[in-house]
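Residue numbers (the numbering used here), protein chains in the order written: chain G, 803 to 1052; chain S, 3 to 258.
Quick caveat, the hints were computed from the structure, so don't treat them as lab data.
Honestly, I wouldn't trust all of these hints.
Below are the PhoX-like pairs computed for lysine-lysine, each with C-alpha atoms no more than 25 Å apart in a straight line [as the list claims (entries may be wrong)]:
(1) S:K233 with G:K937
(2) G:K868 with G:K883
(3) G:K882 with S:K233
(4) G:K989 with G:K932
(5) G:K908 with G:K883
(6) G:K912 with S:K43
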Amino acid sequence: MSMIEVSDLHKSFGRQQVLRGVNLTVEQGESMTVIGGSGSGKSVLLKHIIGLLFPDKGTVVVDGLKLNGLDQHGLNEARKKFGMLFQMAALFDSLSVWENVGFSLKQHTKLSAKEIRAVATEKLALVGLKGIEDKMPAELSGGMKKRVGLARAIAINPAIILYDEPTTGLDPISADAINDLIIDLRKKLGVTSVAITHDMHSAYKISDRIAMLYKGQILEVGTPDQIRQTADPIVRQFITGSAVGPITAD
Amino acid sequence: MMKWLEHIGEQIFSLITEMGRVITFLIQTLRWSVSRPFYVKNLLKQMEVIGVDSIPVVLTTALSTGMVLALQSYTGFKRFGAESLIGTVVSLSMTRELGPVLTGLMVAGRAGAAMAAELGTMKVTEQIDALETLATNPMKYLVVPRFLASTVMMFFLTILGMVIGISGGYFVGVKVLGTNPVTYINQSINNTEVKDIWFGLIKALVFGAVVGLIGSYKGFNTEGGAEGVGKATTGAVVVSCMLILILDYFLSALLW
C-alpha cells in the first residue's frame, strides 16, 4: 500500500517554475531518498508532502488523505502522522532540549510536564543522547542539534519521517552517525522515510529507493544498485559528482 | 519619462499589494484571537516583555517630556502673565497627545524591533515551519499573544506615561519655577475632562495594535538570512512609527 502518492505536482514562485509535473510514490515502511542539485526543487517537494506548501496543480495524498483542500484543523491532524528533521534542526531557541522534544506532546496530549520530560528523555536516549535535557539549543554542537531535532520528530510516534538534508553541515563521522541513526530508527519504529539530500554516500546507505529530481521533474527512480548502474547521462554525472556533462554548475 | 512613470506605477502597485497583505494578516490575527486553544502562558510572557520591560524607557521619556513642557510653556506664558496655565497645557498635552504618541513611539522602537527580530530569526532558521510541522498554528502561537499583549500593555503604559509626565510638569512648574501649587492643580483638573483621558487611551489601544501587527508581520515575512532580519527590524520600527504619526492625526481629528 502506498503511504505517499505525489501526482503531476506543479509549483511556481512568481515567474520561476520549480516543479513541473512531479510523480512519486512511496510505499509503507519504505525509505525513499530524493537526490538533485541545489535549486532543483527538493525542499519544495518535501514541503508539499507535509502540507507546508500547496501545489498550483496536482495532488499529494498521504495515507489515503488528499492534503490540498484540507482546512487548518484537517491539515494539523494530517501533520500528526509526520515527524520532520530540518536541515539546521530548527530547534526553538527559547526552549530547553526536553521542552523542544516534548513540544508536540505538550500541545496535543494531556500529559503532565513530568510525564512529557520522561518521554523526552526516552526519545533522546533513542538518538543516543543522555543528560542534556536541561541544556539550551545554543549550547549544543551541530550533530547534537540534529539528534535533538530527530528526537523531537519521533516524539509523537509518527508514521512518516521526513529528512531535509540530514547530513549537511556535519563532519563525515557525525554525518555517518546520523545515517546509522536513520537506519536504526527505521528498524526500531518501522516508519516510512523520505529524505532529500545531495550527499550520495548518505543516499546509498539509508535508501530502499532513490529518485533523481532534475529541472522540476523526476528523472529516474530505482534501488541504490540500479542508480549506480544508470545509463542516464544526467543521473550519472550527478552521482559521480563530475563537473563535465549535461548538468552545468550555477 | 515613460520609465520614470513606470517606476512610480510599480511603487504604487507594490504599496497597495503590501497594504492588502497587512490587512489580510490583521484579519487572520483577529480571527485566531477568538478561537481555541489560547496560549495564556505565551500571552503573559509577551505582556512582560512588551509591557513591564518597557516601563523604564516610557518613564524616562514621559518624565522628561512633562518637565520640558512645563519649562518651555512657562517661558512663553510668562511673557503675557499666564503662568497659571502651565498645568492645563501639561495635562492636556500629556493626556490627549504626548502620552499615547511618545509611548507608542518608544514601544515601537523597543518592543516592535525585538518582535520583528525574534520572529524574523525564527522564520529564516525554519522554526516557524517547524511549528507547523508539529501541528501548531504559528499565527495563534506566536502572533496572537504579541498582538494582544502589545495592545493591552500600550494602554497601561500610556496611563503610566500620562501620570509621570503630569507629575514631572508639576515638579518643574511648582517646585522649580515657583507657581502656586493650588492654582496649578486646580487649572489642571478644571481644564482636563475625562474624555481627554479616554481619547488618549483609545489612541494608545490603536498604537499598541499597530506595533504588535507590524512587528509580527515584518518578522513573519522575513527572507534572506541575517540581512533580511536586519531589514525586517528596521522596517518594523519605521513603518510602525510612520503609522503611529499618521493615525495620530486622523484619530485626533475624529476624537475632537
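If any of the earlier hints don't hold here, list their numbers in rising order. 1 and 3
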